[in-house]
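These protein sequences, in sequence, are chains A and B. My numbering applies: residue 1001 is where the first sequence begins, and numbers increase by one. My numbering applies: residue 1001 is where the second sequence begins, and numbers increase by one.
Simulated from the structure, these hints should not be mistaken for lab results. Because the structure is a prediction, the values reported are computed rather than measured. One or more of the hints may lead you astray.
Where chains are identical, the list cannot tell them apart; a pair therefore holds if satisfied intra-copy or between any two copies.
Stated by the list, open to error - Derived lysine to aspartate or glutamate pairs resembling EDC-like cross-links, with alpha carbons at most 20 Å apart: (1) Lys1033 x Glu1172; (2) Lys1183 x Glu1101; (3) Lys1027 x Asp1142; (4) Lys1029 x Glu1176; (5) Lys1046 x Glu1151; (6) Lys1039 x Glu1176; (7) Lys1027 x Glu1086.
There are 2 protein chains.
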Amino acid sequence: MTIATQPLTLEQFLKLPETKPASEFIKTKIVQKPMPQGKHSRLQFKFCAVVNEVAEPQKIAMAFPELRCSFGGDSVIPDISVFRWERIPVSPSGIIANRFEIHPDWSIEILSPDQSQTKVLERLLHCSEHGTELGWLIEPKDESILVVFPEQRVKLLRGTAQLPILSGIALELTVEQVFSWLKL
Amino acid sequence: MTIATQPLTLEQFLKLPETKPASEFIKTKIVQKPMPQGKHSRLQFKFCAVVNEVAEPQKIAMAFPELRCSFGGDSVIPDISVFRWERIPVSPSGIIANRFEIHPDWSIEILSPDQSQTKVLERLLHCSEHGTELGWLIEPKDESILVVFPEQRVKLLRGTAQLPILSGIALELTVEQVFSWLKL
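In isolation and in its complexed conformation, chain A is listed as follows (with noise of 0.2 Å):
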């Protein structure tokens, strides 16, 4: 849902109170994310767990849901969000950063019914271009996952075939697994 179409900065923008669901600004526009859904809300969640139970204990890497990233000029809203370690913003006492102003390594989106696939890849595209390494776009009702590699290429995955993994991270993910978190 597009709220405003006013000319606005980034640094405008960000003075704002936050929305719910939280609202990005996108091309000098405010666009509302849907709120999420029983899927979204398990995919996003053992995303995150699976990912930080192999990054996390050795250093590597960080998963993060919902977390806002601004750069570029836009602020995006990434359903997960992965740092690597060296890279996650902390204050000197090693305190995480509230703001995360730089693009993440590894952005993950899971559309929602209803929405626009287009904007969602649009924003994955972005983080491309601003030096994100891999983009995962999950689409629960078609079971695959749409593969953003460096220089937005694009792949587009089903079945058993092995996902890309942000490298130093071991993990090893079909799409097929992916979908069966979704499955008591």
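Given chain A, work out where chain B should sit, using these hints.
Coordinates of chain B only, in the frame set by chain A:
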């Protein structure tokens, strides 16, 4: 809509009677195209007219609406297929063939309401992987065009952005101009 799921070969599929709307054969599955509506019909015709106006007199290329192209184990029917002149299959007497068993040089899909963008993008990626130089995914609802470049690189264009055209065709088009074809 998926009509049948039992494995079939491309040759077996091509022997089946044509349906209306036409059916495509993708990864051993038969999928019927959506019934074209107003915007789709207009963009499809106008695109062919604009390309053929500049490309046909000089024998550079020809645009075909709803042409079945069978290659790489699939049989797809892009909304528009553009072939360079020398690649158009013809009989010894110079008559255009009925069966096109080659990839188009430029394939264009127009998203219909409720059509899965993933599935449409999958057809364009199939073309790209088999040698199609350029793909366009026109999304009327969003007034955007997702361009597929060689090696499956993608870029989303809107507004006054200049669109990439198949090399050799003397045409300049912005995204806005394409959608202006819908205005009476």
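Right, here's what the structure says about each hint:
1. Lys1033 x Glu1172: This pair counts as neither: shortest intra-copy Cα distance 30 Å, inter-copy 35 Å.
2. Lys1183 x Glu1101: This pair counts as neither: shortest intra-copy Cα distance 36 Å, inter-copy 42 Å.
3. Lys1027 x Asp1142: Between copies, since 14 Å is at most 20 Å while 29 Å is not.
4. Lys1029 x Glu1176: between (36 Å within a copy, 19 Å between copies)
5. Lys1046 x Glu1151: neither (28 Å within a copy, 32 Å between copies)
6. Lys1039 x Glu1176: within (15 Å within a copy, 36 Å between copies)
7. Lys1027 x Glu1086: neither (29 Å within a copy, 42 Å between copies)
Hints 1, 2, 5, 7 from the earlier list are contradicted by this structure; the remaining hints agree with it.
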